[in-house]
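If you read the protein sequences in the order shown, they are chains A and B. So for the first sequence, my numbering puts the first residue at 1; every next one is plus one. So for the second sequence, my numbering puts the first residue at 1; every next one is plus one.
For the record, the hints were derived by calculation from the structure and aren't laboratory data. Incorrect hints may appear among the rest.
As the list claims (entries may be wrong) - Straight line, CA to CA, 30 angstroms or less: simulated BS3-like cross-link-like pairs of lysine-lysine:
hint, chain 1, residue 1, chain 2, residue 2
1, B, K118, A, K427
2, B, K17, B, K118
3, B, K2, A, K427
4, B, K17, A, K401
Said to hold, decoys possible - If you want the ones that stay clear, here's a sample from chain B, every Cβ over 12 angstroms from chain A, calculated:
hint, residue
5, K2
6, E31
7, G78
8, L84
9, E103
10, N105
11, N106
Just so we're clear, the structure is a prediction, and the values are computed from it rather than from any experiment. Every residue gets a Cβ at the ideal spot worked out from N, C-alpha and C, and that includes glycine.
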Amino acid sequence: MVKHPRTRTLRIGAGSSYAGDRIEPGADLARRGRLDYLVFETLAERTIALAQLERLKNPAAGFNELLDDRFYAALPACREHGTRIVTNMGAANPLGAARRTLEIVRELGLGPMKVAAVLGDDVLEYCLRHRDTLAMMESGAPLASYAGELVSANAYLGADVIVAALAQGADIVITGRGGDCSLFLAPMVHEFGWRLDDWDILAKGQTGADMVECAANVSGAFFADPGYKEVPDLANLGYPLLEVEADGTIIVTKLEGTGGIINRATCAEQMLYEIHDPASYITPDVVVDFSAVELDEVGPDRVRISGGRGRARPDRLKVSVGVKEGWIGEGELTFAGLGALDRAKLAEAVVRERFRIGGIRIEELRVDYIGMNSLHGDASPLPALPPYEVRLRVAGRTREKRDAVKLANEVETLVSKGPGMSSLPRKSVREILGIVSVLIPREAITPSVQMLEAG
Amino acid sequence: MKRFYLRELAHARAGDKGDTNNIGVIAYRPEYYPVLLAQVTPEAVKRHFGTLVKGPVSRYELPKVCALNLVLENALGGGVTRSLSHDPHGKSYSALLLSLPIEVNNDIAAELEAAGRKPLP
Numbered sequence: 001m002v003k004h005p006r007t008r009t010l011r012i013g014a015g016s017s018y019a020g021d022r023i024e025p026g027a028d029l030a031r032r033g034r035l036d037y038l039v040f041e042t043l044a045e046r047t048i049a050l051a052q053l054e055r056l057k058n059p060a061a062g063f064n065e066l067l068d069d070r071f072y073a074a075l076p077a078c079r080e081h082g083t084r085i086v087t088n089m090g091a092a093n094p095l096g097a098a099r100r101t102l103e104i105v106r107e108l109g110l111g112p113m114k115v116a117a118v119l120g121d122d123v124l125e126y127c128l129r130h131r132d133t134l135a136m137m138e139s140g141a142p143l144a145s146y147a148g149e150l151v152s153a154n155a156y157l158g159a160d161v162i163v164a165a166l167a168q169g170a171d172i173v174i175t176g177r178g179g180d181c182s183l184f185l186a187p188m189v190h191e192f193g194w195r196l197d198d199w200d201i202l203a204k205g206q207t208g209a210d211m212v213e214c215a216a217n218v219s220g221a222f223f224a225d226p227g228y229k230e231v232p233d234l235a236n237l238g239y240p241l242l243e244v245e246a247d248g249t250i251i252v253t254k255l256e257g258t259g260g261i262i263n264r265a266t267c268a269e270q271m272l273y274e275i276h277d278p279a280s281y282i283t284p285d286v287v288v289d290f291s292a293v294e295l296d297e298v299g300p301d302r303v304r305i306s307g308g309r310g311r312a313r314p315d316r317l318k319v320s321v322g323v324k325e326g327w328i329g330e331g332e333l334t335f336a337g338l339g340a341l342d343r344a345k346l347a348e349a350v351v352r353e354r355f356r357i358g359g360i361r362i363e364e365l366r367v368d369y370i371g372m373n374s375l376h377g378d379a380s381p382l383p384a385l386p387p388y389e390v391r392l393r394v395a396g397r398t399r400e401k402r403d404a405v406k407l408a409n410e411v412e413t414l415v416s417k418g419p420g421m422s423s424l425p426r427k428s429v430r431e432i433l434g435i436v437s438v439l440i441p442r443e444a445i446t447p448s449v450q451m452l453e454a455g
Numbered sequence: 001m002k003r004f005y006l007r008e009l010a011h012a013r014a015g016d017k018g019d020t021n022n023i024g025v026i027a028y029r030p031e032y033y034p035v036l037l038a039q040v041t042p043e044a045v046k047r048h049f050g051t052l053v054k055g056p057v058s059r060y061e062l063p064k065v066c067a068l069n070l071v072l073e074n075a076l077g078g079g080v081t082r083s084l085s086h087d088p089h090g091k092s093y094s095a096l097l098l099s100l101p102i103e104v105n106n107d108i109a110a111e112l113e114a115a116g117r118k119p120l121p
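So here's chain B without its partners, still in its complex pose (with noise of 0.2 angstroms):
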């Protein structure tokens, strides 16, 4: 097993809704889907945000598209017009989700890699 950036996996775009941020994030192939399943559960986006979310996280599945969509709730300091943030609607949220550790079997790994990818030491 090695651990490479979700960022190797998946692309992600991040949007908001009142206080609430949503994050799509679409596997690049499908094969990489089952390890997004696995891996980027609530409870793990959660604890990679820390005390951005002060609210659950919730999760969506969209096997067509191996895509999931995941809910941020109390994620915006207090909602996007009144947040004193410079970026309160949280667009880069996005880029913090694509930092997320992600352990991948030999297989994927020896296909990332012969892609110029990094494994993570």
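Chain A extracted, bound-state conformation (with noise of 0.2 angstroms):
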């Protein structure tokens, strides 16, 4: 527990960005960070509503499936350095993930310590209970209008119930859905102790988490372009830290000896990364404006972040809803040579014939050929030339099952029965978790945290 706020420098490391992660970045900075705070985020926005589904066959699952891993490898060395975790690993499941880390805690010998579970973001009853009212943020439809089922609705839930985990004691925080950017300002907030609305310190402490919550993102990762952005060592990206002072001044680094780059374009980019307006970024902690902040290359892969400023928290929070939305049948295969649009023409001309035939139900029905045109459509520039390698890809979707299975067979059946001189082809079929939003009251929602011990 916290007596005094801090004043030194608090550092804090980003050690994963979505569930299938690489573990050995988080490692690395686990043993070589000298870090106060190690965070692993792995919730995209449907993470949770899949893991649901996983929960619904196996109550013990629903958590992160490589939390093992992530743990035997950073756990050790976390515990030699007194680093502190906080992660969203828990998904729909925080309080089995718990358990399981004090399994892992024992078997290692790491005792005694304590690991706390967030619990709370779970709202599905709720949202069933008022789906009349709720207005879903895409369409303004009540969710009751949604023809899918729901499987799962969760809340972004805020930095405060991390903060009262970390001031209860808790070495290791697992949560489920909450703000990304929460999990690094929740430590942040417990260390300095930051008031709770006090909205310039906390929008620049989110502007600093908004760095580093895509963790490589902002060291190298979907950033090299040869011969205009270079990426020195990308197959070996170091993942990012923040180093934070108590007036919020934050610089964000990375491990000597890493791979990636962190300067002033690759914070720009993430800074910029999926938002809207840049001067109402809102989180459940505050309502940041970006459109002041500015970043100084301060040393080598070292960018300082200043002037972020805050407004108040809005009064209700996003529920992400997992909604099943059918079907999705697809199937591929290449032609090459001369004539091989041609081929792949005509494979396209014989497949929708037989989806006629075959009395398919399709919703949506759509056919690429992937070299030309699959990813910007009209929008790309005509070929001067055929090309020599032509993907025809035909995706649909389907409200029952058995006509996405109809569907993907019929492309597969196109390497026997089609064009000639075709690769055979590959087929898939899928069923869509669809995420719809709604916002509800933050009085409707208890967080709670419940603390589990290894002696």
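Assemble the dimeric complex from its two separately framed chains, guided by the hints.
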């Protein structure tokens, strides 16, 4: 517990940015980062809905499948250096994740340790009860008007409940859904004693958090463009860490000897990633204004972030609702050589006729010529010459699984019953787990902390 | 006046939220930022993306970092989760934006050509 607010620099590492992210960069941060905190962010929009489906099959499951790998790799070093961990690897089952973590702590002989599960983000019951009045943010229509079956509803909790867990002495805090940035903001609030209604200081913290919540996306991932933007040793990307001062001054950097790059360009790309109005970046803790943020290179792979401002947090919290939306069937095969495009076009005509003959019920069909215009459609420039290779991709959305299976099978059958000289096809059938969003009042949510201890 | 691809003046990253795509576009040099302001307009972007973007395009300015944020609505085939595209997030849209032709003055053109960049014919 913190008796006096901290004055020293706080070091917070970002060990992952999605469910299947690499293991060793986080472990490297744990070993060499001299970290006070290590954060593992692992939840994309759909991850919890998928985890909820897993949990319905197995009540002990529903949390991050790489939790064991991450903790076996990082926990011993975190214990040695007194580094606390904050993570949303709990997904649809934070308590199950905390229990599994205790087992790992015991197995590694690292106790005594306190592991906190943050609960209360699951608001499916509330959403079902109020489905007639909750409006979907995407369409404005009530949730009840949605045809699909609701499988999950999780509110984006803020930093406050994580701060409570840290104040109770948790060495490891495991959450489900929450604001990604809140995972990083919570240690700052806890250590520096920032007030939860000091909007400007919270905004400075969130601006730093936003830089690293996608982990290596600020240190050279999804950035390189040869001849334009070079990234040294891209295969050995170092994941970032924040150096935070009590007044909200923040430097983003990475470990020496790792690959990647941190400069104004990587920080600017990350700051603008997945935002709408930069003056109103809404988080559960504060509404952040990025428009006056300044980025200064203060050393090699060191950028100072300043100028973030804030306004009062929103009264309502965003909820991601997972919805079963039907099925997608698809198939692909490649044509090459002289006349490749002509044979691909004949294959498309054949498969469309087969769908008609088979009476396959398709809600929407998409045909792509990969190598020509599959990503940018009509906006793609016309090729000067016929392409040497074309990959035909046919994908369709159906209400029933059997139609998606038939669709994929018809594309597959093209190899023996369609035009000649193609590669063998690949097909897939998958269920669509859609996400819609609603806003619910804070009062509808009661976040809580359940503490587990390993002796 | 010469024309270059936007790629010679700026870099970009695209992201998604539902059926909306956003592209942060950042000038390589402060002196390129006014060129972006004048020519990377919502109208120009909407035209460049054609039928890919069914809704409006809006733009936000970040002069401190010489950047623009472009927000493209109804641009992801009905939404990331149900889109039939094999880039449902539109992560590659930033590459399409960087192929926008941009007119630059002689000073900038000379600077770009000295760095080995080729103007458009």
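Hints the structure fails to honour | 1, 2, 3, 7, 8
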